[in-house]
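Number of protein chains: 2
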Amino acid sequence: MNEKTGLPGYKGEALEALKRINAEIGDLIRITKDGTRFEGILIPRSEYGDDKHVVLKLKNGYNVGIRITPSTRIEKIGEGAKPAFSPPPPPEKRGDLPKVVVISTGGTIASRVDYRTGAVRPALTANDLYSVVPELAEIAQIEAKILFSLFSENITPKHWRQIAEETASHIREGVEGVVIAHGTDTMGYTAAALSFALQNLPVPVVLVGSQRSADRPSSDAATNLIGAVKAAAYAPFAQVAVAMHADFSDKTILLHKGTKVRKCHTSRRDTFKSVNAKPLAKLDLETGAITMLTREFKERDPKRELVLKPKFEEKVALVKFYPGMNPAVLDWYVDSGFKGIVLEGTGLGHVGNYCFEALKRAVREGVIVAMTSQCIWGRVNMNVYNQGRDLLALGVIPLEDMLPETALVKLMWVLGQTGEVEEAKSLLTTNFADEFSPRTLPEKIGE
Amino acid sequence: MNEKTGLPGYKGEALEALKRINAEIGDLIRITKDGTRFEGILIPRSEYGDDKHVVLKLKNGYNVGIRITPSTRIEKIGEGAKPAFSPPPPPEKRGDLPKVVVISTGGTIASRVDYRTGAVRPALTANDLYSVVPELAEIAQIEAKILFSLFSENITPKHWRQIAEETASHIREGVEGVVIAHGTDTMGYTAAALSFALQNLPVPVVLVGSQRSADRPSSDAATNLIGAVKAAAYAPFAQVAVAMHADFSDKTILLHKGTKVRKCHTSRRDTFKSVNAKPLAKLDLETGAITMLTREFKERDPKRELVLKPKFEEKVALVKFYPGMNPAVLDWYVDSGFKGIVLEGTGLGHVGNYCFEALKRAVREGVIVAMTSQCIWGRVNMNVYNQGRDLLALGVIPLEDMLPETALVKLMWVLGQTGEVEEAKSLLTTNFADEFSPRTLPEKIGE
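As they're listed, the protein sequences go chains A and B. Last residue of the first sequence: number 631 in this note's numbering, and the count goes up by one each step with no gaps. Last residue of the second sequence: number 631 in this note's numbering, and the count goes up by one each step with no gaps.
Misleading hints may appear alongside valid ones.
It does not matter which identical chain is used: a pair holds within one copy or between any two.
[What the hints assert, rightly or not] Here are the simulated lysine-lysine pairs, DSS-like style, with alpha carbons at most 27 Å apart:
{"#": "1", "residue 1": "K499", "residue 2": "K544"}
{"#": "2", "residue 1": "K544", "residue 2": "K487"}
{"#": "3", "residue 1": "K482", "residue 2": "K457"}
{"#": "4", "residue 1": "K283", "residue 2": "K260"}
{"#": "5", "residue 1": "K203", "residue 2": "K243"}
{"#": "6", "residue 1": "K493", "residue 2": "K609"}
{"#": "7", "residue 1": "K462", "residue 2": "K243"}
{"#": "8", "residue 1": "K243", "residue 2": "K283"}
{"#": "9", "residue 1": "K499", "residue 2": "K243"}
{"#": "10", "residue 1": "K487", "residue 2": "K435"}
{"#": "11", "residue 1": "K203", "residue 2": "K329"}
{"#": "12", "residue 1": "K544", "residue 2": "K342"}
{"#": "13", "residue 1": "K435", "residue 2": "K283"}
{"#": "14", "residue 1": "K462", "residue 2": "K544"}
{"#": "15", "residue 1": "K236", "residue 2": "K495"}
{"#": "16", "residue 1": "K195", "residue 2": "K499"}
{"#": "17", "residue 1": "K435", "residue 2": "K217"}
Source of the hints: derived by calculation from the structure; they are not laboratory data. Please read all numbers here as calculations on a predicted model, not as lab measurements.
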């Protein structure tokens, strides 16, 4: 931290290099290194940063950290508009743009560095958004709402309910789309929850996160946000989706179906993957074009009337099976009044036969027991082997190609709608939000 | 089933077509369809098969099912050697080949159709192997051992111990390599277990399974077995590996490190993936060439003395965190005398703060609590966010890029070696069998 110099976060060699050219945060800087030229606005570094990199925000909204060596050429080419002070566009211009609400729940994407102090602020006002990502002013009239400010691992089904209710109230007021800024850790679970809680959607609901905060080199916060707001404002679908980077390039944002998406890498920007389904759509950041990747989708229709079903039952467990698992834990769930158990079985949907007695008892006591696969990809099929057929006979419900995480959320939602076992089973196996994909074609002749 | 005609499993149109040309199981058949010609040995179908496909075993060992339509041309081109009766190669020839033991534990790969009766037999004798996969006779002198005949979801740490002991006894007798036929469902867990239990290996130990039984169209049993036996006999490494198809083609078998491999699809033949590591080697089925894919491996050395450490502690739990998880289940594990808990946290290694008290208590009572990520890919890093640092302060041990399944097996193994907490922590964070990969290089300048 080095606030006096107007270069917060910079130290050592990087700080010296910037001082030599009288640079300040917000200045337009050109760095030439190994034949490559980078031009962008100088942004502050985090206090945990090293002393060797200078971070520029490039024109495309992407941040890049460049290591300064003795042979690196660094120039100040303009006192660029300081991002923190760039004014929002004049109201008369913004009035023509679609209305989008950005609901902030916390997470890396909702944190921003204050360009003047270098401090991290945990929330987004509309002006914060416009100043950090000026492109947004050209896309939509944004209303920013801070619902809460939580790391997403602390978000629970109670919060899903609040997010669903908040989203519904804005949709009923007539926004063209809703963006929900969310930590990435459990964004897949929340996306599934909203897919069930918000039925008959008239407009898109787009969750967005970032893997790197805006003050870090190569942050994906701005580009993901641009993609999410564009999708909320203009996408032709009216479903719950997750907007995140498609790959390492800065060209494409994928919009994944809320029930089929999973965080699959601890740190990569393309961590979210559609599992057992194609993404809903892709968005080209350069042209702004949104291309649907599936023919079957629910079209945007502002006249459609939203149905809100935000209740979730928390007494539902996700149990991953493993060799030597003690089945007594299943008894503990039953004894503790749990109403549902989602198993992450092996392969096509199996658990060791030493768990059968406990599962039988659970079913007998009215607990809904459902089967998914820890393979993640592929489809449960309990008709292939005897032991799968035994599990079906015990009353275990196979959930086809549903993600274990989505299955957990769905069972919580189902048991929030009904306490009646047969009705719950029927809801659980009904396709509400593309949580089941149609069977895929055989891989090869004869299969 | 239609035993009288010598065409077990065939019915309807397929049966009629075969009868017209007087075909019997074992005959060499040519089928021409849509310009493609298939030539192979007619094999029986499973009793669950449809009435439209004829299944041929092609020359490359691969089975294919071809749908018979009125325009399909089908010819008998030879009364090929009936596979069930093909004699093993003469002993004088086999004496020069390396000795490999095939230990059968069960699973799809260990089942075979008896060509005469169409019945499925659950075990492999050496002659069964030679007759189903005649190529094996050219590769190695095989000793076949039936250890047990279990669906792999029924395999527990007690069986890991038996497999390790059986493997060790054959290695000490001087075989050139060991193949372990295993159901695919939990083959990754067993591979990890053997990686820890069999230290200082002089020769390769190769686990192999199949996704389709030998009597089904496009079975991968023969090709996987050929790959596994070749690797056991000739591979330059002396580590535990899993041999399975690399892709949908029939050209390459990958040899994955036992600690870095995971079943990632319920049904595809290329279901096993190396996670956070490259596979150890690949084997070209056409040329037989084995190419190492990593420079760092333990070389085969028959003089090296195996160290057998086959004990596993079963009182270890794998707990996948999810939003709204009831932390009382952690208390239940502590109260039930569990000695270790592996958490599958979110993202970089997080759980909700509502679990902190229960984790604190677990650590206080001497339970080893370790953190992995449910993202599967990537590396746990609990220093990035405050909540990760809180977990470290509570005594939760971060397990870098280790797979959750491998972490579970390793903690079971560690607690089988020592009851002393500090020693257990030290063993848990020591790299024994490539369960930790070196940190990867940054994705981009400045990261």
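Results for each hint:
no.: 1; hint: K499 with K544; result: both (19 Å within a copy, 23 Å between copies)
no.: 2; hint: K544 with K487; result: neither (47 Å within a copy, 52 Å between copies)
no.: 3; hint: K482 with K457; result: within (21 Å within a copy, 35 Å between copies)
no.: 4; hint: K283 with K260; result: neither (38 Å within a copy, 71 Å between copies)
no.: 5; hint: K203 with K243; result: within (23 Å within a copy, 73 Å between copies)
no.: 6; hint: K493 with K609; result: within (18 Å within a copy, 47 Å between copies)
no.: 7; hint: K462 with K243; result: neither (31 Å within a copy, 36 Å between copies)
no.: 8; hint: K243 with K283; result: within (25 Å within a copy, 64 Å between copies)
no.: 9; hint: K499 with K243; result: neither (49 Å within a copy, 55 Å between copies)
no.: 10; hint: K487 with K435; result: neither (33 Å within a copy, 55 Å between copies)
no.: 11; hint: K203 with K329; result: neither (39 Å within a copy, 74 Å between copies)
no.: 12; hint: K544 with K342; result: between (31 Å within a copy, 25 Å between copies)
no.: 13; hint: K435 with K283; result: within (25 Å within a copy, 55 Å between copies)
no.: 14; hint: K462 with K544; result: neither (36 Å within a copy, 42 Å between copies)
no.: 15; hint: K236 with K495; result: neither (51 Å within a copy, 49 Å between copies)
no.: 16; hint: K195 with K499; result: neither (51 Å within a copy, 50 Å between copies)
no.: 17; hint: K435 with K217; result: within (23 Å within a copy, 44 Å between copies)
Hint violations for this structure: numbers 2, 4, 7, 9, 10, 11, 14, 15, 16, all remaining hints satisfied.
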